[in-house]
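Colleague: Residue numbers (my numbering), protein chains in the order written: chain A, 1 to 176; chain B, 1 to 237.
Any given hint could turn out to be false.
[Stated by the list, open to error] In silico BS3-like pairs for lysine-lysine, Cα to Cα no more than 30 Å straight-line:
#, chain 1, residue 1, chain 2, residue 2
1, B, Lys101, B, Lys164
2, B, Lys27, A, Lys159
3, B, Lys68, A, Lys46
4, A, Lys17, A, Lys159
5, A, Lys145, A, Lys159
6, A, Lys58, A, Lys145
7, A, Lys58, A, Lys17
8, A, Lys162, A, Lys46
9, B, Lys68, A, Lys58
10, B, Lys68, A, Lys162
11, A, Lys17, A, Lys46
12, B, Lys101, B, Lys166
13, A, Lys46, A, Lys58
14, B, Lys68, A, Lys17
15, A, Lys145, A, Lys162
Keep in mind that the hints were calculated from the coordinates and are not lab data.
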Amino acid sequence: MTPRQIQFEALVNAYSKDLYRYAVWLCRSPEVAEDLVQETFMRAWKALDSLQDPGSAKQWLITILRRENLRRFSRVQPEVQSLDEMDVERITGLDDEFVQHDDHSQNLGMEQALASLSLEYREPLLLQVLGGYSCEEIAQQLDIKPGAVMTRLFRARQKLRKCFEDEDIVTDSKVK
Amino acid sequence: MNCLEYRRLMTIEPGSRDPELLEHAGKCAACATFNARLQRFEHNLGQTLAVEAPEGLESRILLRQSVKASRARRAWNQRIYAVAATMLLTVGVVSGWMLTKYTQRVQAPLDQLVLNHIHDEEGHLHERNDVQLAELNQVVNRFGVRADALPAQVNFAHPCPMRKDKGAHLVLAGKQGPVTVLIIPGEQVRERTAVRDERFEGYILPTRYGALAIIGEHGEQLEEIQRALVTTMRNVT
Chain A
1 MTPRQIQFEA LVNAYSKDLY RYAVWLCRSP EVAEDLVQET FMRAWKALDS
51 LQDPGSAKQW LITILRRENL RRFSRVQPEV QSLDEMDVER ITGLDDEFVQ
101 HDDHSQNLGM EQALASLSLE YREPLLLQVL GGYSCEEIAQ QLDIKPGAVM
151 TRLFRARQKL RKCFEDEDIV TDSKVK
Chain B
1 MNCLEYRRLM TIEPGSRDPE LLEHAGKCAA CATFNARLQR FEHNLGQTLA
51 VEAPEGLESR ILLRQSVKAS RARRAWNQRI YAVAATMLLT VGVVSGWMLT
101 KYTQRVQAPL DQLVLNHIHD EEGHLHERND VQLAELNQVV NRFGVRADAL
151 PAQVNFAHPC PMRKDKGAHL VLAGKQGPVT VLIIPGEQVR ERTAVRDERF
201 EGYILPTRYG ALAIIGEHGE QLEEIQRALV TTMRNVT
């Protein structure tokens, strides 16, 4: 096996699951997500020599995946739909019989809340939670200012929490 | 830092280990409770996002890549073969062309061969070496020819490969211009044969060693040159 092939297989083993998670929440379809991940790795294989720093491999792959997703949008304009409960279960496998009922309800609520977030708020959150990006890195990736990233992250969490709790997390009357 | 600022910053980056934030949470019970709830929320968010990847995803990616790599290798090999075939064909065509040209030249009649030789080595017509008698003899002696004197001013005298054997190439000063004398061993001519093209004219004479060509530009007094050769160089004809 060539060193290039070894490097590629290591990348696939290390990051394909993370990329899939990111993709599935980005495009909200398990089938499209897998296609995106496969296409991302095919492009990574072609451009493997341009990866200089193995430490930045995940960011590099996410960048490729985001570009590939944009290309997908330029090819076809898929109808953006909010996920119904069945779609959410298809994504997360929450119809698994081993999931406890309480957790099921709670996670399903979170799923639906996430799905209802617009991409503008969802993507920075995905980059932070799944990608491990800092605000500055997210700003670079999305080509917006760090201040805008902070605003989007704040609002994204606020919207999600509002779905579960009546209490506004920041403007709580008890807060001084 | 006040509570509002703390909660805003923690909501933006719940995993922050900023010392100021940690210090505030240590002093403010309400914010510590807020943080505990926030961390539970983050845990829930993380769990929700961590969907299972489909089974065999890695294998499918590696399979697709190996098929693609193998196709690329085949395409690369085909390109290499195509280039090699083109090069081989080019070499073949060029070699064939050169062989044909060579064969044409080698099999050409002697008069054409003589003219080709002069045209190919036209530079010698302009030589001004002022060849001396001893030097001339060195060139012509191997054909049994011996010069007792110079037949005219000799500007160039050198052994030269002919069709069948190594001959001699002389350039003498004629009245009109340079006159080429070629000693051509091994060639058989029955009688004096005229040679002519758009620039040169002359003749080829049969000799004991083969043939002697005397060629000058149109209008040159070649008979005088021949007489001088015969007078000064024994066995030249």
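Colleague: Hint by hint, note whether the structure agrees.
Modeller: Verification of the hints:
no.	hint	in the structure
1	B/Lys101 x B/Lys164	holds (17 Å)
2	B/Lys27 x A/Lys159	holds (28 Å)
3	B/Lys68 x A/Lys46	holds (10 Å)
4	A/Lys17 x A/Lys159	holds (27 Å)
5	A/Lys145 x A/Lys159	holds (21 Å)
6	A/Lys58 x A/Lys145	holds (22 Å)
7	A/Lys58 x A/Lys17	holds (11 Å)
8	A/Lys162 x A/Lys46	violated (44 Å)
9	B/Lys68 x A/Lys58	holds (22 Å)
10	B/Lys68 x A/Lys162	violated (48 Å)
11	A/Lys17 x A/Lys46	holds (20 Å)
12	B/Lys101 x B/Lys166	holds (21 Å)
13	A/Lys46 x A/Lys58	holds (16 Å)
14	B/Lys68 x A/Lys17	holds (21 Å)
15	A/Lys145 x A/Lys162	holds (26 Å)
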